[in-house]
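What follows is each chain in one-letter form.
Protein chains: 2
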Amino acid sequence: MIQDKKVACLLASGYEDSEFRIPYDRLLQAGYSVDVIGAEAGKKLEGYKGKDSIRVTHVIDEVRPEDYAALLIPGGHSPDQLRADERFVKFVKDFDALGRPLAAVCHGPQLLMAAHLVKGRTLTAWETVRGDLEQIPGVHVKDEAVVRDGNWITSRKPADLAPFSEALVQALEAQHAETRI
Amino acid sequence: MIQDKKVACLLASGYEDSEFRIPYDRLLQAGYSVDVIGAEAGKKLEGYKGKDSIRVTHVIDEVRPEDYAALLIPGGHSPDQLRADERFVKFVKDFDALGRPLAAVCHGPQLLMAAHLVKGRTLTAWETVRGDLEQIPGVHVKDEAVVRDGNWITSRKPADLAPFSEALVQALEAQHAETRI
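These protein sequence lines map, in sequence, to chains B and Y.
Here the first sequence is numbered in our numbering, starting from 2 and rising by one per residue.
Here the second sequence is numbered in our numbering, starting from 2 and rising by one per residue.
Check each hint, because a few of them may be wrong.
As a list, the in silico DSBU-like pairs of lysine-lysine whose alpha-carbon atoms are at most 35 Å apart [claimed, not checked]:
| no. | chain 1 | residue 1 | chain 2 | residue 2 |
| --- | --- | --- | --- | --- |
| 1 | Y | K50 | B | K91 |
| 2 | B | K52 | Y | K52 |
| 3 | B | K120 | Y | K143 |
| 4 | B | K158 | Y | K6 |
| 5 | B | K50 | Y | K158 |
| 6 | Y | K91 | B | K158 |
| 7 | B | K143 | Y | K91 |
| 8 | B | K158 | B | K52 |
Output of the computed footprint for chain Y on chain B, the stretches with three or more beta carbons under 8 Å from beta carbons of chain Y [as the list claims (entries may be wrong)]:
| no. | stretch |
| --- | --- |
| 9 | 109-117 |
| 10 | 121-133 |
With the Cβ distance kept under 8 Å, some of the chain Y side facing chain B (calculated, not the full set) [said to hold, decoys possible]:
| no. | residue |
| --- | --- |
| 11 | I61 |
| 12 | M114 |
| 13 | E128 |
| 14 | D133 |
In case anyone wonders, no lab produced these hints; they're calculated from the structure.
Glycine residues also receive a C-beta, built at the ideal position from the N, C-alpha and C atoms.
Full structure from sequences and hints, please.
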């Protein structure tokens, strides 16, 4: 059953500190809980700027996409680490198939690219990742703070985090309202 | 005039330590000098594993592609930093047009991608970067230790560094022999 107050966050060391912390805090403040899903049980993950750290609460093997109301993918060096591990790529693919809110910021969309989900979609990302995406036919790349396309919410960089986090909370509230009707 | 004993290395902090150091040492041993070209004069660049560091010897603004016999692009987080700066992308583009040896390892090919040079070429790269490249039509991606295609020499990871460095030295020697005829 969908846990409508539980959000999955896929994370590895080297994440961009604020791109985890700001959406994470905003979600807690809005009454959601966030599972920090990593490769290794209890491992302390550190932001690459040395300003933030968090422990893995759940290992990728023990979680199921269908148990989460939304998926958050912070940027930095984390997404490129995660996408080298087929289990995270599969989680993203399976989660997207559910149609529930999926929010990726900065280098986060590298995981969407690795899961071969970007064709026919409209999104934004960190400028260098936008350069990659623009070379894949059928991908619509925008240079805007927050881009929404169906269940996807994507943003470019730390400066976009306030509206990015807000968009994620709004999408969760909308989904919550729908499932209550 | 081509300085047939001078190699350009494009580098930013967060490079993969051995991917700079091993080819660098091999080039010096073979009698070449290597200019470490960065964004900021004299800046100390550090490998992300904390095992290596090197100072920038030349700023990107003061160098010209035609002055170098070969180009080396180490991997790690460095290439994605560099490709966010148009000056490095232009240097790669202009250098490739000269047809001289261009060696990129691991994430190094991200700079070739950003310079829109990969269509019609055959190359390898770090596994996640290969995943990106495979989605660009007309790019031939291989999973081999060293891939040579015209002036390009590409490799996948630190384990490939011995044959990668050797291939670069051989390409330089071949070019040297040619210009001496």
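Structure-based check of each hint:
1. Y/K50 - B/K91: 29 Å, holds
2. B/K52 - Y/K52: Holds - the C-alpha atoms of Y/K52 and B/K52 are around 22 Å apart, at most 35 Å.
3. B/K120 - Y/K143: Given pair B/K120, Y/K143 holds - Cα atoms ~23 Å apart, limit 35 Å.
4. B/K158 - Y/K6: At roughly 41 Å apart (the allowed maximum being 35 Å), Y/K6 and B/K158 break the hint.
5. B/K50 - Y/K158: Cα-Cα ~25 Å, so holds.
6. Y/K91 - B/K158: 24 Å, holds
7. B/K143 - Y/K91: Holds. B/K143 to Y/K91 sits at ~23 Å (cutoff 35 Å).
8. B/K158 - B/K52: At roughly 17 Å apart (the allowed maximum being 35 Å), B/K52 and B/K158 satisfy the hint.
9. 109-117: holds (count 4)
10. 121-133: holds (count 4)
11. I61: With Cβ-Cβ at 17 Å, over 8 Å, it is violated.
12. M114: With a closest approach of 6 Å, the Y/M114 hint holds.
13. E128: 6 Å, holds
14. D133: 5 Å, holds
Checked against the numbered hints above, the structure violates hints 4, 11; every other hint is satisfied.
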